[in-house]
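Chemist: Kindly generate the complete structure, drawing on both the sequences and the hints.
So the first sequence is numbered by the UniProt record's numbering: it starts at 1 and just counts up by one.
You may find that some hints are simply not true.
[To be verified] Straight-line Cα separation of at most 27 angstroms, DSSO-like style, residue types lysine-lysine; simulated pairs: (1) 116 / 138; (2) 97 / 126; (3) 307 / 205; (4) 183 / 18; (5) 183 / 138; (6) 264 / 300.
[What the hints assert, rightly or not] Computed spacing ranges between beta-carbons, pair by pair: (7) 67 / 298: 22 to 30 angstroms; (8) 136 / 97: 18 to 26 angstroms; (9) 270 / 135: 46 to 54 angstroms.
For the record, the hints were derived by calculation from the structure and aren't laboratory data. Glycine included, C-beta positions come from ideal geometry on N, C-alpha and C.
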Amino acid sequence: MKLAPKFTIPELFDRYVKNSFPSKEKAFEILAQPGRTLYWGTDPTGPNLHLGHSTNLLLLKNLIAHGHHIILLIGDFTAQIGDPTDRDATRRPLSEKEIKENMRDYLDQVYKIIPKKFFKIEYNSKWYKKFSFSEVIKLASHVSVQQMLARDMFQERIKKERTIGLHEFLYPLVQGYDSVMLKVDGEIGGNDQTFNMLVGRDLEKELVRKDKMVIATLLLEDPTTGKKMMNKSEGQYISLRDSASDMYGKIMAMPDSAILPLWKLCTEESLPSQENISAQPKTTKEQLALIITRMYHGEKDAQRVRKQFRSIFSEGQLPTDIPEIEAKETLLQTVVAAGLVPSISEGKRLINQGAIAINDIVVKRWDQPNAPRSGDIIKIGPHTFRKIR
RNA sequence: GGGGGUGUACUCAAGCAGUCAACGAGGGCAGACUGUAAAUCUGCUGGCCGAACGGCCUACGUAGGUGCAAAUCCUACCGCCCCCA
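Modeler: Okay, here's the thing in structure tokens:
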């Protein structure tokens with residue numbers, strides 16, 4: 001089996017790439033000859049990859065189809081340092097155990113876009129586990145403090161009088177050294193990784209005399225607000241392993257301004273026209289939700305959740321398969337025990353606000369003897385349905 | 001090493017002895033309106049009890065102390081920032 005390229009190299013750059021170094025022309029030239037080795041690195045700082053990562057995955061897949069070799073580098077060591085990118089406070093380093101847990105499902109998410117046999121996997125703990133302190137110092141001598149301070153994110157922190165940990169200075173260095181060890185022809189990463197990738201470029205040039213190109217991909221940002229659409233630290237993102245209905249629903253809940261960026265950066269389908277989006281925002285968004293859900297869950301599930309979504313939200317029907325929960329003595333105890341509401345107090349608040357309904361009848365008072373009975377349908381807020389076992 | 005400053009809830013940020021579970025903003029949640037969109041309006045946003053008024057408990061870096069009463073005063077410790085060396 002072979003992967004078929006969906007786009008030519010220039011098309012790929014138009015669609016997914018923001019910047020490339022040393023230049024776009026040079027990148028085209030290099031990529032015109034098959035057999036190049038490129039890598040994408042990611043730190044397992046959480047259990048999920050999200051739609052923002054899918055841009056890189058799609059690009060990589062197409063590069064494979066053009067005959068290049070891809071290495072996926074898992075930063076199991078770098079995750080222990082904590083990338084300062086985009087944080088205005090120090091990131092808490094993760095323990096080895098947390099990292100292992102995060103890694104468990106990581107690859108399965110990658111395989112949904114790029115089948116297993118098409119790329120190599122490396123872990124950077126492989127070389128860092130044995131790194132000695134003198135090697136660290138030697139490595140550090142290749143970069144100056146000024147170079148590090150030039151980074152806007154550090155400038156920002158200096159201005160805000162926030163801490164910059166010395167270890168955070170080390171991060172780009174350590175990530176950059178990955179390039180040296182892998183001796184690659186190029187690196188792919190999000191535009192926010194440009195600084196780190198360029199440090200790697202310098203190191204690779206200096207230490208192994210190899211000219212690594214850097215391809216920085218476009219980030220998923222809301223064009224109206226400029227805000228990142230997938231924010232892992234704020235827990236606001238669409239995970240590649242979200243259930244089909246979650247994925248579909250979350251896409252439908254995105255603002256209209258997100259349609260085009262998502263379509264462009266997270267799919268390979270030809271783009272809808274701006275007029276289409278403006279004239280038919282809802283329909284276009286439905287198409288988008290279907291396309292993306294299909295990529296991760298297949299045609300059948302995507303169609304199923306679309307139908308379900310329509311019946312629940314457009315027609316106000318109940319979902320067909322509602323998860324069941326155990327009844328407790330009172331409604332409040334039931335929803336708290338099931339983990340749907342964090343505390344009794346919060347549950348009381350929700351009821352006072354009219355957010356909870358049993359069998360479509362809004363519960364008005366939390367003290368009423370509305371003990372849940374088997375078969376009752378409990379609705380909490382707009383999206384959560386549970387059935388009493 | 002010396003001097004000055006600072007540490008408040010998810011974030012920013014007021015408060016500087018009682019009216020503080022703590023102003024305000026952002027975020028989040030819920031309701032109305034909708035296209036589960038955005039914008040807008042309204043309410044909520046520590047826990048537990050209570051129909052409600054309210055009550056109790058835990059919380060303002062940590063540990064002690066003063067006092068009827070402490071986020072607010074004192075002492076020590078810890079963290080962070082700035083200036084000088």
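Chemist: The structure should be examined with respect to each hint, and the outcome stated for every one.
Modeler: Hint by hint, here is what the structure shows:
no.: 1; hint: 116 / 138; verdict: 37 angstroms, violated
no.: 2; hint: 97 / 126; verdict: 17 angstroms, holds
no.: 3; hint: 307 / 205; verdict: 54 angstroms, violated
no.: 4; hint: 183 / 18; verdict: 24 angstroms, holds
no.: 5; hint: 183 / 138; verdict: 19 angstroms, holds
no.: 6; hint: 264 / 300; verdict: 23 angstroms, holds
no.: 7; hint: 67 / 298: 22 to 30 angstroms; verdict: 28 angstroms, holds
no.: 8; hint: 136 / 97: 18 to 26 angstroms; verdict: 24 angstroms, holds
no.: 9; hint: 270 / 135: 46 to 54 angstroms; verdict: 50 angstroms, holds
Hint check: violations occur at hints 1, 3; the rest are consistent with the structure.
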